[in-house]
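A.B. asks: Could you put the whole structure together from the sequences, leaning on the hints where they help?
Start counting the sequence shown at 1; every next residue gets the next number (my numbering).
Please note: incorrect hints may appear among the correct ones.
Taking lysine to aspartate or glutamate and the EDC-like style, the derived pairs with C-alpha atoms no more than 20 Å apart in a straight line are [unchecked claim]:
no., residue 1, residue 2
1, Lys-52, Asp-82
2, Lys-88, Glu-100
3, Lys-88, Asp-105
4, Lys-88, Glu-114
5, Lys-52, Glu-80
6, Lys-88, Glu-133
7, Lys-88, Glu-57
Here are the in silico distance ranges between beta carbons for each label pair [claimed, not checked]:
no., residue 1, residue 2, range
8, His-55, Ser-139, 19 to 27 Å
9, Ala-33, His-91, 29 to 37 Å
10, His-106, Ala-62, 36 to 44 Å
11, Ile-29, Lys-52, 33 to 41 Å
12, Ala-36, Val-84, 20 to 28 Å
For the record, the hints were derived by calculation from the structure and aren't laboratory data.
Bear in mind the structure is a predicted one, so any value in this text is a computation, not a measurement.
For each residue, glycine too, the CB sits at the ideal point set by N, CA and C.
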Amino acid sequence: MTSASNALRTLAARFNLGAGASAFWFAIIALGATTATLAMLIVRVHRNRVRKLLHVEGLTAAQQRILLRDAAFYAQALRELDSVGVSKPRHLTPRAFALELGTRDHAVGLAFAEIAEQFYRVRYGGHTPSASEASSHQSLVLAFRALLWQNLAAIRAD
1 MTSASNALRT
11 LAARFNLGAG
21 ASAFWFAIIA
31 LGATTATLAM
41 LIVRVHRNRV
51 RKLLHVEGLT
61 AAQQRILLRD
71 AAFYAQALRE
81 LDSVGVSKPR
91 HLTPRAFALE
101 LGTRDHAVGL
111 AFAEIAEQFY
121 RVRYGGHTPS
131 ASEASSHQSL
141 VLAFRALLWQ
151 NLAAIRAD
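C.D. replies: So this is what it looks like as structure tokens:
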């Protein structure tokens, strides 16, 4: 970060931007460029995290974009689980994980099983959800979140 600020100072000195209003505008432009860079980094980290959750290795970039759009509800459900301290082991399939959740709390297991079935339709069935189906998927995740927080003690018990 220090080297970046030194580089900006050098540029400002070279182009005589240290005096008056031009220094202010230079600072605004530098702040905008920094904000844009940080935004791109945040988007990249988020996209990589979702790709990891959805196991999209081996797909083309276009297929990954479609899956990230259509199966975002599944990644959101996994993030909800992470927020309460439960994460899906990488070796378990979504259905197997739903069964494992069902041993902790039956209602939560059933809710996640429905989300997993919809994920399988999108991921492996090639189904592109309509707007109403996408809304239904979000409703499933919201209901799942409510069940998680209602049954938090049973879910966390190991």
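A.B. asks: Now tell me, hint by hint, if it's right for this structure.
C.D. replies: Hint check:
no. : hint                           : verdict
1   : Lys-52 <-> Asp-82              : holds, 14 Å
2   : Lys-88 <-> Glu-100             : holds, 10 Å
3   : Lys-88 <-> Asp-105             : holds, 15 Å
4   : Lys-88 <-> Glu-114             : holds, 16 Å
5   : Lys-52 <-> Glu-80              : holds, 15 Å
6   : Lys-88 <-> Glu-133             : violated, 25 Å
7   : Lys-88 <-> Glu-57              : holds, 18 Å
8   : His-55 <-> Ser-139: 19 to 27 Å : holds, 24 Å
9   : Ala-33 <-> His-91: 29 to 37 Å  : violated, 43 Å
10  : His-106 <-> Ala-62: 36 to 44 Å : holds, 40 Å
11  : Ile-29 <-> Lys-52: 33 to 41 Å  : holds, 35 Å
12  : Ala-36 <-> Val-84: 20 to 28 Å  : violated, 34 Å
Checked against the numbered hints given earlier, the structure breaks hints 6, 9, 12 and satisfies all the rest.
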